[in-house]
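The sequence shown begins at 1 in full-length UniProt numbering and counts up by one.
Please keep in mind that the hints were generated in silico from the structure rather than gathered at the bench.
Incorrect hints may appear among the rest.
To be verified - Below, computed lysine-lysine pairings styled on DSS-like, alpha-carbon distance capped at 25 Å:
{"#": "1", "residue 1": "K192", "residue 2": "K121"}
{"#": "2", "residue 1": "K101", "residue 2": "K191"}
{"#": "3", "residue 1": "K101", "residue 2": "K192"}
{"#": "4", "residue 1": "K164", "residue 2": "K121"}
{"#": "5", "residue 1": "K176", "residue 2": "K192"}
{"#": "6", "residue 1": "K164", "residue 2": "K192"}
{"#": "7", "residue 1": "K36", "residue 2": "K84"}
{"#": "8", "residue 1": "K205", "residue 2": "K84"}
{"#": "9", "residue 1": "K176", "residue 2": "K205"}
{"#": "10", "residue 1": "K101", "residue 2": "K32"}
{"#": "11", "residue 1": "K205", "residue 2": "K192"}
{"#": "12", "residue 1": "K164", "residue 2": "K59"}
{"#": "13", "residue 1": "K233", "residue 2": "K191"}
{"#": "14", "residue 1": "K176", "residue 2": "K84"}
{"#": "15", "residue 1": "K139", "residue 2": "K205"}
{"#": "16", "residue 1": "K121", "residue 2": "K216"}
{"#": "17", "residue 1": "K101", "residue 2": "K36"}
{"#": "18", "residue 1": "K121", "residue 2": "K101"}
{"#": "19", "residue 1": "K36", "residue 2": "K59"}
{"#": "20", "residue 1": "K36", "residue 2": "K121"}
{"#": "21", "residue 1": "K32", "residue 2": "K139"}
{"#": "22", "residue 1": "K192", "residue 2": "K139"}
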Amino acid sequence: MHANAIKKLNSKPLVEQIIDTFTEAIIKGEFKPGEKIPSEMELCERLQVGRSSLREAIKILVAYGVLSIHRGDGTYIQDSFSEKMLYPVIYGIILQKDSSKSLFDMRQIIDAGSIQLSMDKWNDEMLQQIEDGLENLRKVATADNATPEAIFVADTAFHDLIVKATHNEILISLCKYMDRITEVSRIQTTKKIIEMHCIDELIRKHEELVDVICRKDQANIGTVVRSHYQFWKDQL
1 MHANAIKKLN SKPLVEQIID TFTEAIIKGE FKPGEKIPSE MELCERLQVG RSSLREAIKI
61 LVAYGVLSIH RGDGTYIQDS FSEKMLYPVI YGIILQKDSS KSLFDMRQII DAGSIQLSMD
121 KWNDEMLQQI EDGLENLRKV ATADNATPEA IFVADTAFHD LIVKATHNEI LISLCKYMDR
181 ITEVSRIQTT KKIIEMHCID ELIRKHEELV DVICRKDQAN IGTVVRSHYQ FWKDQL
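Starting from the given sequences, assemble the full structure and let the hints guide the process.
In structure tokens form, the structure reads like this:
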């Protein structure tokens, strides 16, 4: 992080400029994961900013999971992924108007990519788990007392198995937050599916996903996943 890094004529608020400067320094490798950042006084001198602005920027970066404060020792760059890093993205999605279809599009991309990425990782045990997940969804969805809430839980558990097969912690965390922010809309959509007597179609779409995974059918992953999520979007 070089001296005079803050551009005086920048129209952004000063705190945002400081955050941008930290981000750029991390990208360029000037600050490395797990490294202790310079003292408050040194940073103020380098950036030519006041303590209050610097402290506010650091507070935000801590909230984002980029920095961590070690009491009595100093402030460090995080050396691993933190779920807090997803907060700005999640709030951006929550506050976006009419975001349901966009979220389904996003989950479609994640599922297709997850299946593609994990295709060679599906062993017999994992295949049995996804088949058990399908059977559980079928049992819950076709029960006489089936509820949208119970189907949502079973559907979420099924799709979680697909993402977990990637062993990618960032994807897994992202999907967990997506499940949280889409719960209400997905339960409402599932209620429509029940009312329109489309449960058999819901089950069939999940069977197609299991089939493409079990056959390791690389060529048809995109088509099957796209059809799966189009079914959901048609119910919105």
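Given pair status - K59, K36, alpha carbons within 25 Å: 16 Å, holds
Holds or violated: K164 to K192, with C-alpha atoms at most 25 Å apart: 29 Å, violated
Restraint check for K121 with K101, where alpha carbons must lie at most 25 Å apart: This hinted pair is violated, its Cα atoms lying about 30 Å apart.
Given pair status - K121, K36, alpha carbons within 25 Å: 38 Å, violated
Hinted pair K176 and K84, Cα distance within 25 Å: Status holds; Cα separation ~13 Å.
Pair hint outcome, K176 versus K192 [Cα-Cα no greater than 25 Å]: This hinted pair holds, its Cα atoms lying about 24 Å apart.
Hinted pair K164 and K59, Cα distance within 25 Å: Violated, at about 32 Å.
Hint consistency between K233 and K191 [alpha-carbon to alpha-carbon, up to 25 Å]: 14 Å, holds
Straight-line alpha-carbon gap K192 to K139, limit 25 Å: 19 Å, holds
Satisfaction of hint between K191 and K101, Cα-Cα up to 25 Å: Judged against 25 Å, a Cα distance of about 17 Å means the pair holds.
Straight-line alpha-carbon gap K101 to K192, limit 25 Å: 16 Å, holds
25 Å Cα cutoff - pair K101, K32: Violated, at about 38 Å.
This entry does not satisfy hints 1, 6, 8, 10, 12, 17, 18, 20 and 21, going by the numbered hints stated previously.
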